[in-house]
Structures are given as C-alpha cells and as structure tokens.
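K.L.:
Assembly of the complex is requested from the two constituent chains, each provided in isolation within its own frame, with the hints serving as guidance.
Here the protein sequences line up with chains A and B, keeping their order.
Quick note: the first sequence, position 123, residue 125 per my numbering, numbers continuous.
Quick note: the second sequence, position 143, residue 148 per my numbering, numbers continuous.
Source of the hints: derived by calculation from the structure; they are not laboratory data.
Because the structure is a prediction, the values reported are computed rather than measured.
A few of these clues could be false.
[As the list claims (entries may be wrong)] Straight-line distance between alpha carbons at most 30 Å, and here's what the computed DSS-like set of lysine-lysine pairs gives:
1) K201/B - K201/A
2) K189/A - K43/A
3) K128/A - K204/A
4) K204/A - K201/B
5) K228/A - K128/A
6) K289/A - K128/A
7) K193/B - K201/A
8) K204/A - K193/B
9) K274/A - K299/A
[Said to hold, decoys possible] Quick list of simulated restraints, FRET-style, between CB atoms:
10) Q250/B - T5/A: 51 to 59 Å
11) V167/B - D134/A: 40 to 48 Å
12) T225/B - F231/A: 40 to 48 Å
13) L43/B - K43/A: 49 to 57 Å
14) T149/B - L82/A: 29 to 37 Å
15) E227/A - T185/B: 47 to 55 Å
[To be verified] Which bits of chain B does chain A cover? Going by a derived footprint, with three or more residues having C-beta under 8 Å, they are:
16) 43 to 49
17) 77 to 89
All residues carry an ideal CB built from backbone N, CA and C; glycine is no exception.
Here's the letter readout for the chains.
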Amino acid sequence: METMFMKGNEAVAEGALQAGCRLYFGYPITPSTEIIEYMAKHLPARGGTFVQSESEVAAIYMVFGAAGSGERVMTASSGLGISLMQEGLSYMAANELPAVLVNIMRTGPGLGGLGPMQGDYFQATKGGGHGDYSLLVLAPASVQEMADLTMTAFDLADEYRNPVLILADAALGQMMEPVTFGAREPKRYDKPWATTGAKGRKRNLVTSYNLQNEVGEQKSIYLEEKYRFIQERLQWAETYQTEDAEYVLVAYGTSARIAKGVVNALRENGVKAGLVRPITLWPFPSKVFTPLNERVKGYLVVEMSAGQMIEDVRLSTEGKVPVAFYRRQGGIVPQHDEILEEFAHAFSVGGILA
Amino acid sequence: MKTLFERTQGLTDIPFHYCPGCTHGIIHRIIGEVLEELHLLENTVGVTGVGCAGFAEQYINVDFQGSAHGRAPAVATGIKRAHPELVVFTYQGDGDMVSIGLAEAVHAAARGEKITAFLVNNANYGMTGGQMAPTTLIGQKTATSPYGRQSEQSGFPLDLPVLISNLPGAAYVATVTVDTPQNVFKAKRAVRQAFKTQMDGLGFSLVQFLSTCPTNWGLTPVESIQWMQDNMFPVFRIGELKQPQ
Ligand SMILES: Cc1ncc(C[n+]2csc(CCOP(=O)(O)OP(=O)(O)O)c2C)c(N)n1
Ligand code: SF4
Numbered sequence: 003m004e005t006m007f008m009k010g011n012e013a014v015a016e017g018a019l020q021a022g023c024r025l026y027f028g029y030p031i032t033p034s035t036e037i038i039e040y041m042a043k044h045l046p047a048r049g050g051t052f053v054q055s056e057s058e059v060a061a062i063y064m065v066f067g068a069a070g071s072g073e074r075v076m077t078a079s080s081g082l083g084i085s086l087m088q089e090g091l092s093y094m095a096a097n098e099l100p101a102v103l104v105n106i107m108r109t110g111p112g113l114g115g116l117g118p119m120q121g122d123y124f125q126a127t128k129g130g131g132h133g134d135y136s137l138l139v140l141a142p143a144s145v146q147e148m149a150d151l152t153m154t155a156f157d158l159a160d161e162y163r164n165p166v167l168i169l170a171d172a173a174l175g176q177m178m179e180p181v182t183f184g185a186r187e188p189k190r191y192d193k194p195w196a197t198t199g200a201k202g203r204k205r206n207l208v209t210s211y212n213l214q215n216e217v218g219e220q221k222s223i224y225l226e227e228k229y230r231f232i233q234e235r236l237q238w239a240e241t242y243q244t245e246d247a248e249y250v251l252v253a254y255g256t257s258a259r260i261a262k263g264v265v266n267a268l269r270e271n272g273v274k275a276g277l278v279r280p281i282t283l284w285p286f287p288s289k290v291f292t293p294l295n296e297r298v299k300g301y302l303v304v305e306m307s308a309g310q311m312i313e314d315v316r317l318s319t320e321g322k323v324p325v326a327f328y329r330r331q332g333g334i335v336p337q338h339d340e341i342l343e344e345f346a347h348a349f350s351v352g353g354i355l356a
Numbered sequence: 006m007k008t009l010f011e012r013t014q015g016l017t018d019i020p021f022h023y024c025p026g027c028t029h030g031i032i033h034r035i036i037g038e039v040l041e042e043l044h045l046l047e048n049t050v051g052v053t054g055v056g057c058a059g060f061a062e063q064y065i066n067v068d069f070q071g072s073a074h075g076r077a078p079a080v081a082t083g084i085k086r087a088h089p090e091l092v093v094f095t096y097q098g099d100g101d102m103v104s105i106g107l108a109e110a111v112h113a114a115a116r117g118e119k120i121t122a123f124l125v126n127n128a129n130y131g132m133t134g135g136q137m138a139p140t141t142l143i144g145q146k147t148a149t150s151p152y153g154r155q156s157e158q159s160g161f162p163l164d165l166p167v168l169i170s171n172l173p174g175a176a177y178v179a180t181v182t183v184d185t186p187q188n189v190f191k192a193k194r195a196v197r198q199a200f201k202t203q204m205d206g207l208g209f210s211l212v213q214f215l216s217t218c219p220t221n222w223g224l225t226p227v228e229s230i231q232w233m234q235d236n237m238f239p240v241f242r243i244g245e246l247k248q249p250q
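In isolation and in its complexed conformation, chain B is listed as follows (with noise of 0.2 Å):
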C-alpha cells in the first residue's frame, strides 16, 4: 500500500485547540511539514508572542521560547545572535506584531536580523474576544469598533508586509492566503522560501498569512473564508512582494 498523506513530525501529537474553521491550524501544519521537509526539526528555534498564536509553542515541534506580546522579533534576535548556526522564526497574530510589537518587528527587519516572521492576520484580536486591531478593516465592527471602524477616529488598515519590503534589511516578504488547496501550496511554498532565506544569510524574511477567525467574527467556518476572499484580499496585497535578488 502506498501513503498518500502521513500527518507530520513538524507537529507535535497535543490537539490543536483551536475554534472551528481557525485557520491558524492550517498554518501551523504548513509550517511543521516545511521545517521538516528541510531537516530542521532538530536544529531550530520558534518564538511566540501572546495570543492564539500564543499556541503555537505547544503544537509545532521545535524549541520554543514564549515571550510577550508583541516582543518575539527581539527574542528571536537574541536567540539567532547568540546561535547564528540556528532557524530562528516567530509566530505571531497581527494584534501582536502589527500593533504592541510594531517597534521590534520592523527594526528586526531594518538590522536584516537573520530570522523569519510569520504573521498570522485576521483583521482582529482572537484571544481576548475579537477587538479592533490595526488590520481592522474600514467599516468592520468588532467589540471595540461597534459601529464598525471608523478612519477619522481609528485610522486605516496596516498592511505591514508592504511597509517592511521598503526596507533594505528585508529579503524575502510576502502575504499568503490558506483558502483554498492551490493557495494552500502556493503559502507553503512562501514558507520555504522564507527559511532557505534566513539559511543562505540573506537577511529578515516575513510571511504574512490572511486567516479567519470564525468565533469572534461571528461567521460560519464557510462565511469566514467567503468573507476573508470578499473583504480581506481587496485591501491587503497578496503575492511575493520582494524575493532576494
């Protein structure tokens, strides 16, 4: 008998917890299969922020180092100086990164600092029950933004992906989407690229992942991904945005 799928060593065997029809798990799995397609189970070191994504320490099977919110590019940057012959990557949502950790994200990407991102955005924060978040939408309402945000009091959407492939220190950034099989492997092939990036030194790369989070957006796990394609990929740029020369 031939295999057709074996569930990967990238994962770890605890139960994702996650809600259904999060797509957090997907990414999680897409992140797992690539680390240990590329013989790097053993030698590299994941760092969380707080949030769902939080979780991901229990679930991807590397070392983890949990830190704070917002806080894992700098935590990553210790790590890889400390052990530069070590993958060094985070795993953080937008609320993480985009908002409290603005600062260490896009200066890890302005020292070119040898490690990857993965951004995990959708368009609110998970964890404490769907508030606004820099990646709130114009118009979407969330526990914070009931009357559905509004740009003259909260500003617009950040696409942060866009902002860091300004920047010299960036090699490879690009937002992906996991709603279908074909983007499915189009991320995981985003994925890859990241980390041969940080492996062949070329500096910071970033994958950005537009994903649902059906709970707190009040939607089906099938409205969520129709609502994601309709609302989310409009306004956030989908594609490699800068690739190493």
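Chain A with its partners taken away, still in its complex shape (with noise of 0.2 Å):
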C-alpha cells in the first residue's frame, strides 16, 4: 500500500501504468496535459512506449493499431480532442478493440475555455461517433476514484472488447487529493484474435470494411445484443442516504461532491433527502431509480450543462416522479447554497434557507 498526494490527472497516469498500460500516444491539450506528461516521463521508465502523436487523429488511430495487437494502450484529450478521435472511436467499436480513453473536460463549444464542464456527456453516452455503438462511459468524482476506475477501465475493457472513456472535468483533473495504491496485479486476457503474425494459426483480419448487406445485418445484431448484455450487467452508482429519501439530488463527477454537501444540509434541516451518484453514465445505472420511482416525491438533478445527463434521468423516472434541474455552466461550478434555493424553490419545502 502506498498513499500519494497527488492531481487527479496524476492519479488517472498512474491507475494506468499500475493496471498495465505498456503504451500511451497522445496530444497535449489543458486541462489534460498531466496526464500526457506523466506518461513521457514515468511509461518508457517502466518498460512502455510513449509517442507524441501529430494530432488527437492520428493518436486514436496509434491507439487503434496497438489494441488490434492485443496490447494495453490509453490516450487522454479534452472535448476538443475527443471529437477529433470520434470517427476512430466508432472504428474502435466496430472492431470491438480494447482501449482507454480520458476525457478532461473543458467548457464548449467551439474553443471554449479552459474551466470544468459537464457538457460532453451526450458526446461520451450517446456514440459520439457515426454508426450504433457505445461506449463505456466511467465517471469518477475524487482523484482516488480517477485512479481506481482507470485500473477498472482496463480490465472492463478487454472483458467486454469495447473502448472505454474516464469522463471527468477540469476540477477533478486539477484538484489534488491524497490516493492510495494497493498492490494490484493487472488481470490477463487472452486475444487470439489481435494481429500478432499468423505463427501456427490462420490469419487474423481486423477490419469493418463489409460491402454486403446480409453480413452488415449480422454485425449489428451482434454488436446490439453486445451492448444490451453490457446493459444488464453493468449499471453502477453511489447511492448515499436514498433508503428513506423523500428527495433524491442526481449528479456525477464534481457536481456530485457538491451536491452531497448538499444533501447533509437538507437532513440536517430534517428533510429527508439522498443522492444518486451515476458511475456508470453508460449503461446509465437506471435500475437504480426503480425502487425510488415508487417513494420518491422529486429528483434534483445538478449539472454542469445546459442539461444533458438529466435526459436520462428522465427515461429511468419513466415519468412517475417529477424532475427539477439546476446547473451552471461554462466553467462555472454550481454553489451549495444556490442548489439549497433551487430546492426549496422547486419542491416548495420551506425552512431550509435560514
């Protein structure tokens, strides 16, 4: 065991080589860039191949290459850097290539600045790319969550063959916190399918390219089964006092720190109030609404977007308990005592605002 203080991007570097990452190529963008600095300096020191990509295009693609041959391989960008890689993701996906990507997220659109922001997560959960397909989507909310789910990024990964994106704004990025490393041995996957030289077996094919409509028919419904099977499985959230909650504030990453401060001041204020923190933005945890569904009198979701994960949070309330919404955005973080108003406003539960 070893604890470090250390920046969440550090954490997010570290989880990687610790999980056995052995390559990273990438492009330098704030407020990623320790990421990508970390692994210059400590990747080729443990034995890994680092490589400075002329754009975040070609360093999905780098990605791609590496994965195909069976090999641990990461990236990291912000927004802006992610859209560039999305026509690789949706390649990714339809090769079913394990990798893992980090989304440092900055405020958009456009150049944006270089603030913490929620606002890529349709980007992250609903393809992003061209075609059916998905992601899997982890939301970490502290910098040792940025180190423990970059190690579980990997081995979901390779389990399920698909990309895997850590989605986490600036102020996780930057912020620094105490983290612990227990002694974790990477898990091992067999892939017989990467294209490592046709030695004593027949050749291995990587490829999406496919001109005939009955085989293209086939491959979907083989990747919608896929994904509905990833579906089932893997639904995780945080919940934190939801077993007698009347209200239940709904939010991810840094908005959800926030939000449980929030929480704490309701029941103090003896409302009975709980949180649901999504770890899994997809599959979105929507079993974990149902039971609430049927007690809860209102959900507050907390964003830092115009509104975006609160889509799903509508589907899983499948429109049995209203929902409010308060955010801010572009680079702005939600403040506890505007969230407390927004509460009180939206569920006329007075007494709360001394």
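P.N.:
Structure (structure tokens):
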C-alpha cells in the first residue's frame, strides 16, 4: 500500500501504469496535460512506449493499431481532441478493440475555455461518432476514483472488448487529494484475435469493411446484443442516504461532490434527502431508480451543462416523479447555497434556507 | 517436370475483384511474392486505408488491420510500437495517402517510423468513381474536374515520394511502375529493398507505384498503360529517390 498526494490527472496516469498500460499515444491539451506529461516521464522508465502524435486523429489510430495487436493502450484529451477522435472510436467499437481513453472536460462548444464543465455527456454516452455503438463511460468523483476507475477501465475494456472512456471534468483533473494504490496485479486476457503475425494459426483480420448488407445486418445484431448484455450487467452508482429519502439529488463528478454536501444540509434541516451518483454513465444506472420511483417525491438533477444527463434521469423515472434541474455552465461550478435555493423553490419545501 | 511459375503463398485464394486491366492486382502479387521470399508471412501485419486499395486486406496473405481513410500510417505506428519484432506495412491509394492522410504519412516518415508504406497512384479516386485526387494531372478530366484540372483552381499534382525523400526519417524512397515485365522486376526489387530497410531498423520506407484505373479513365487496359506512360511518367519522378547510406 502506498499513499500519494497527487493531482487527479496524475492519478489517472499512475492508475493506468499500475493496470499494465504498455503504450500511450497523445496530443497535449489543457486541462489534461498532466496525463501526457506523466506518461512521457514514467512510461518508458517502466518498460512501456510513449509517442506524442501529430494530432488527436493520429493518436486514436495509433491506439487502434496497438489495441488491435493485443496490447494495453491509452490516450487522453479534452473535449476538442475527443471530437477529433470520434471517427476512430467508431472504428474501434466496430472492431471490438479494447482501449482506455480519458476526457478531462473543459468548456465548449468551440474552443471554449479551461474551466470545468460537463458538456460532453451526450458526446460520450450517445455514440459521438457514426453508426450504432456505445463507449463504456465511467465517471469518477475523487482523485482516488480517478486512479481506481482507470484501473477498472482496462479490465472492462478487455472483458467486453470495447473502448472505455473516463469522463471527468477539469476540476477533478486539477485538484489534489491523497490517493492510495494497493498492490493490484493487472488481469491478463487472452487475445487470440489480435494481429501479432500469423504464426501457427490462420491469419487474423481486424476490419469493419463489409459491402454485403446481409453480413452487415448480422454484425449489427451481434453488436446490439453485446451492448444489451453490457447494459444488463454494468449499472454502477453510489447511493447516499437514499434508504428513506423523499427527495433525491442526482449528479456525477464534481457536481456530485457539491450535491452530497447539499444532501447533508437538507438532512440537518429535517428534509429526508439522498443522492444518486451515477458511476457508469453508459450504461446509465436506470435500475437504481426503479425502487426509488415508487416512493420518492422529486428528483433534483445538478449538472455543469445546459442539461444532458437529465434526459437519462427522466427516462429512468418513467414519468412517475417530477424532475427539477439546477445547472451552471461555461466553467462555473454550481454553489451549495444556490442548489439549496433551487431545491426549496422546486419542491416548495420551506424553512431550509435559514 | 520443372515448375517455372507457381502462385505465391503470399496471396489468399480469394479471387481479385479488381476491374480488368487494373494494376492493383500486379502490385498485390509483387508484395505477396516478396513477403514469401523473405519468409515474412508469419510475422507481418498489413494495414489498409479505404478505397479499391483497401481490399488488399482480403488478398495479401498476412494478418491485417483495416483502418480508416488515410489513417493507415498511424495504425501501423501503433502496431509497430507495440510489436517492434513484426514487419508492418501499409497499402494505400493516392487519395488515401496523399490527400486525406497526408499528415499521418508525412509524420510517420518524419518520426522515422520503422514501417513500410506502399502508395498506389492512379491519378484519381478509384473506388468513389474517378474524382480528382491531389495526384490528378493538369488538364486531366475527372468527375470533379470535368473541364480538366486547372492549376489556378486546384493547384498542382503532388509527388509525395519527392517530398518525403527530403525527411531524415525516411530511409528508402522509390517510385516504380508495373507497365512492362522489366519494370515489374524493378518494382519487385524496390519492394524487397523497402522491407529490408525496415528489417534493418533504418527508418521509414516508401514505394510509390504508378498504376492504372481503366474504368474511371474511360480507356481500355492497353490504352490505359499507354496513357500512364505518356502522361504520368513525365510528372512523377521515377526511380530510387533515396537509399540507405
Ligand atoms: C472519411 C472518409 N471520407 C470519404 C470516404 C469515401 N471514399 C472511399 S474510397 C475514397 C477514395 C479512394 O481513392 P484512392 O485512395 O485513390 O484509392 P483507389 O480507390 O484509387 O484505390 C473515398 C473518398 C471515406 N471512406 N471516408
Ligand atoms: S475502379 Fe480503378 S482502381 Fe478501382 S479496381 Fe477499377 S480500375 Fe482498379
């Protein structure tokens, strides 16, 4: 066991190294740069390979090649760079290539600024690139989770043969907290499909090229079933004080840290409040909402966007419970008192603003 | 009985789909033969871009990855860095490598990436129906230069090997043709040299093939060879442009 005081971005990089990441390809962008810099410094020293690519387009295709050859590989960026990777991610999902990528979200659209935002939720969870596919999306809310979920991401990628995205905002990337690394041996997966030279076996072909519609339909059905299987099995969320909750806040990442404080304040004022913090954003943890929908009087979604995850929350409530919303945007983080005020306003719960 | 010629193990049994007179097939065979002769069939990975050239993954008998339009040099970089012991090559059209994938091609060369790139230049976009490529000749009519390519509007043909031969990371660069049996032999020598350059760890190697596209040129196979000799040979610098010191 080793405890270090580090930035969220560094925890991601160290987590990747401890998960057996052998190659890193990337292009610098604030507020994710500590990841590429940590990798440049530490990956070669630990026997791996680091390449700074000429663009995010090239980076994702280098990741494609290394993943297709069976190695653990990663890249990281921020929204703009992740936009450039979308074509490659679609190709990777089509070819079922496991890899980990990280989006340390800054503000958008366009060039935006460097503050934290959660505006890339749709891009991350609704496909982003062309065609029917999904990334597995994990949302850490602390520096410890930046490390832990990155390690988990490598296992999930290999387990389900799909790219896995860590979706965190600039605040999580930049903040410093203690983080503990246990002795965790990387899991090993057989990859008989990888292109490693056709020695003593038939040649392997990693391709999504296919001009026959009948074959295309088979492939689509296969992928659809695979995604449904993942949706059934992988719905993770932290629930906090939801056992007897009448009102539930829903938030992920940095918003969830603030929302948790709001839940505590509400409890101190005698309001039975709780928090659902989705950890898998795709698949969205709808199952967590099913029992709550029967007894909760209202949900309050808190986001750092114009309202993206709220759509999945609404779907998960099946129209049974009112859903209120509070957000700040453009790099501004929602404040504790503002959320309390919105809560009181939305649910006409008096006496909590004193 | 003495066997004079055998089909190479370097090609799969799948029949080529290429148009009659298209020289993609000859180029495939040359590469397959060299891979077999150098005993590389079990430790090579090929990477295709997109286009008619992209079908190479079906025909050349080694492990393959099919990448996106233009991205093969980046994918090949990922494979080679993951497995330096493998021989890695790309097979790309001129639209693929010289247009949409120019950045990936030039940067792979600039990094001295120890991979081999095969560029098949037929002066147009074959698969999508013969549109203008960066390699299209001045005055050449295509589906998107219906009045002939005009330099004022669309610039000039880009001879990628000339550009890349200036980069220190590029160790072997050649442009070859497959219009006559003699030139096919020369082309094969260049392919062998390119793979050897990679195996010796000397840097990036590139072989450009001048190639025909009878279907989109609207010519017979024989006329196509003639057109290529008359029009393409003077524009693209043929020969070994750079050899390892
Ligand atoms: C991103 C993207 N843009 C456009 C296309 C459409 N497209 C397919 S093949 C091709 C051109 C291929 O021409 P070339 O590279 O010269 O190869 P050839 O077919 O002549 O062998 C294009 C534009 C694509 N597949 N992907
Ligand atoms: S379209 Fe042109 S490049 Fe494609 S197979 Fe036919 S002749 Fe060859």
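K.L.:
Honestly, which of those hints from before does the structure not fit?
P.N.:
3, 12 and 13
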